[in-house]
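Chains as they are written, first to last, in the numbering used here: chain Y, 1 to 303; chain F, 1001 to 1444; chain Z, 2001 to 2283.
In case anyone wonders, no lab produced these hints; they're calculated from the structure.
Since the structure is predicted, the reported quantities are computational estimates derived from the model, not experimental observations.
Treat the hints with care, since some could be wrong.
Here are some chain Y residues pointing at chain Z (derived, C-beta under 10 Å) [what the hints assert, rightly or not]:
1) E103
2) G129
3) P174
4) A200
5) L227
6) V279
Which chain F residues stay away from chain Z? Per the calculated CB distances, all over 12 Å, these [unchecked claim]:
7) R1037
8) R1073
9) T1077
10) A1099
11) P1107
12) D1139
13) R1171
14) R1237
15) E1246
16) E1270
17) S1273
18) S1300
19) R1347
20) P1383
21) A1429
22) R1432
Pulled a few chain Z residues facing chain Y out of the computed Cβ check, cut under 8 Å [unchecked claim]:
23) T2019
24) A2030
25) P2032
26) Y2100
27) P2158
28) D2170
29) A2201
30) F2203
31) T2204
32) G2206
33) V2207
34) L2276
Ideal placement from N, C-alpha and C gives every residue a C-beta, glycine not left out.
Listed below are the residues making up each chain.
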Amino acid sequence: MSAPSLTRQRARVGWFLTLPALVVVAAVTIFPVAYSVAISFTRVGLTYDGLRVEDWTLSNYATMLGSSAWREALVFTLGYTVVTVAVELVLGIAVAVLLDRLEVGRGWLLALLLIPWSMITVVSAQLWGYLYNATYGAVTWGLGLLLDEPPVILGTPAPAITAMAVADIWKTTPFVAVIVLAGLVRIPAERYEAAEVDGAGAWRTFVSVVLPALRPVVAVAVLFRVLQAFGIFDLPFVLTQGGPGTATQSLAMLGYRALFHDLDMGMGAAVATATGLLVLGCCLLFLRVFRSHVDEAGEGGAT
Amino acid sequence: MALRRRSLLTAGVGVGVGVAALAGCGGGRGGAPDLARAAEVPRGEVTVRWWSFPMATGDGRDLRTLLIDAFRRHHPTITVETVDAPAVTDVSRAVLATAVAGGAASPDLYLGDVAWPAQFAHNALALPLDSVVGAGYWDAYPEPLVRAVGHAGDSYAFPFYVDQAYLYYRRDLLDRHGLAVPGSWEELAEAVRVVTRAGDAEYGLAFQGAVYEGLTANVAEFVADAGGAILDEEGTRVTLGGRSGERALTFLRDLVADGVAPRAVGTFREQDSTDAFVGGRALFLRNWAYVWGVVEAPDSPVAGRVGAVPRPGFADGAAAGHGCLGGWCNFVNPHSEQPGAAVAFARFCAEEEAQVIMMRNTSYLPALTAVRAGAEARRSSTPVLAAADEVRLVARPTGTPHYPQVSKALATHVNTLLTGGATPAEALAHARDGIAAALEGTAL
Amino acid sequence: MSRRGRRRTGVRRYLNPVTVGGLLLVVVTAAPLYWMAVTSFKSPVEAGASPPTPFPEDPTLDNYRHALDAADMGRYLYNSAVVCVSSTVIVLALALLAGYALARLPMRGRGPVMVGLLMISVFPVIAVVTPLYLVERELGLLNSHAGLIIPYVAFHLPFAVWMLRNSLLDLPRELEEAATIDGAGVLRTLRSVILPGAGPALFTAGVFTFAATWTEFLMALTLNSENDFRTIPVGIAIYGDRYQVPYGVIFAAAMAATVPVALLVLVFRRAVLSGLTDGAVKG
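Work the whole structure out from these sequences, hints included.
Here it is as structure tokens:
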């Protein structure tokens, strides 16, 4: 029944449906992104007439690659992304399974989980900053009950990074959980039944039925969590300002500072462009490893 | 299967299309500002918008309203509207820089940090003022302040209020142990030992040691105490180093190592340090003038038991009494459509009538020397105002347009020192390198 | 419904690993929120007290009075509501159409489209704010609701399209094919077959877009710098001054921004839940 003409017609309709979204995205984003990429290859000066390109150059990238601040920020951002996304993924799946199984108060729990997620990041960062405060923070006080000499949480590298990850996980695990839950409820019941007939235990069922079925939604969750985690900015900005030393300075902070503190547009754009390329690389690698659905056929399916 | 190189390429072409057309594409179309117009107060009805933040008066009003009312008595045709700026300095700068660099005509004038003029001048974000008011205009202000608002032979901001650092102390605790207000850092350390050993305070000295501009201010003061400076007068060369640099950094390290300052000081900003002091944990506090209002507030547990003096110096060092120069100034937007009216208002705020209104109604310290050092100020019952003119103002290394990078390099490495990650010699060497790179514009 | 068919009874209905885990989750999630709520009723001195007090010893509404007086909270809430609801609705509409087409219709070049959308998303927002400002200035869009809605839609569409496409991929084809055989056009298939099955994905994408736009700071700050068009996150950033972070006041303002959303979700929790779980493929 998929005669060539029918296929062609359906494809035309497809483009017709896709175009509005593409046009909006392209119209708004292509210029700013291209502008930034172009600026990253220049030395620009601000004058009374606006931005003036003084020189086309690779020096921004050279400076960036040679800078220890950039390398440290890169290492921090990569490590932080891998760890928080991995933890959030595991916890998110656990929470989703729990929500799926819970018999009482599901609605209440879901509503509660949505609150941290919808909190303004700057505010939640301030809340955690308050909890971690070295003199009167509740967490500091709690640690003081357990340890003889509790660490100065935000003033020591390892505790500061951990503290930041905890704040992040608290806020964004619900994001992963909700996405996973939306996929979980759509697994056809007969797959469970088949597993039951095969005599698979709960864990085997989970590994052989649930996880594979969740692959498409998990792929999206991880992809966009990686994007967000890689761009982490508000949290270190409020909690530690990148300290102690440079222990929690992220790439996005580095770029923001270059752009908006130093007013060095070229350098800021270079950091941003490099970050974008890195994230893109990570995402494509991830998709390839995950063998997910960027293929032209679009037939990947869940199995 | 998953990804074809072709997909990447095709997608890439889309994004790349615009790039070629972009060379030299910029924002604003303002052109060089018309300085003659800026010097003239317009005749007709005009409105200017003032980017500023609320400043509370003693009776709960907003200083801005008082100033605008007073201004309107002289210039009834000029309306001044306020636009609330974000509270955080750096956020305010980000928004202003984006707008003004993009050629926006509003706000017509804006309150900005006294650390900004060099950077804003360099990036054409502020109107040059010498030809508008005459170069002699600035003689009425303290010399470090005049240098701070100047850059490359012109001036870029009207002084508004000055912020400066003091040493706050717990009078009751010093009295209890028969101790005098310390005249030197050595005496201060000794007093801390006596009082903390007796269990009357948890910490000795609280100051600002987190990785941010506030730490730069603290370091600038200690370096000045030791007889040095971070940059030369022109702001083009690093002078931090040698004996003075080593002494300042070693002393900072020892403050933490000897328990004179709390271990957590590397996370302290203004608020944390003030909270430690107001909460009764710290014997001494280095902080800005505004803190007087906080410690003497009706609900403060230490109200009536606190004194404030200019900071001490080293027993054998250079002069005592250094305090970092902070505060805010009014800048005029070079793209303003009403530069004359904006200049008139900014100028009004810098001059005697407004400065006296400010002194009488708020806890902000005036900038005009005649008011700061005048009889009324010296008779004030508020020690931070009475002693305003005694503080030797030390500028942060703000003479360079790359001040944010310089400050970041300094704060980062001194914070590493305070949190135990480097020795004074290492921190000094790294800070020097970082500052040198910043001055060349090759810092990140 | 076989999995949930094994209803537990009596005490075991409440005391089992799942409920215990749920309780643990509640405690972990709620504790910081509780702390925020409590602190919003404390005086500045009590907020800075150590050891911290588990509930306010001398509860005060001063923080709320401050938060509501100092800034035009009502105005900010209204702006946020207009911008976020419009953005979310537009994003969902466009993403549903595009997601369906990209998942199901035989178009060549779907791969580049998906990757292209991804490429837009990977570029750090910090770097696009300045050029966006310049463009909006040229078009006179600064300080308007549309000036935020348009970029919000554009920057949040990629996620929504990805989300919808990936979840529509494994909707059973049989129904769609049946509809096609019946002679239904693409649009009718979309309405009668796809839409009912897209509930959870639409809901997730909707909540994501709403939460992301509700909390967005940098664009809102830069593009709408006039008081009349500021949104809640920007409004909250005006509190305090250069040196003081008034935790009590900020938390009070945050409560004022959070409570309406929380109440809505609570009141409609059944709808929320069914939005998320409807379209479950019944066996």
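Non-conforming hints, listed in increasing numerical order: Numbers 4, 10, 11, 16, 17, 18, 32, in rising order.
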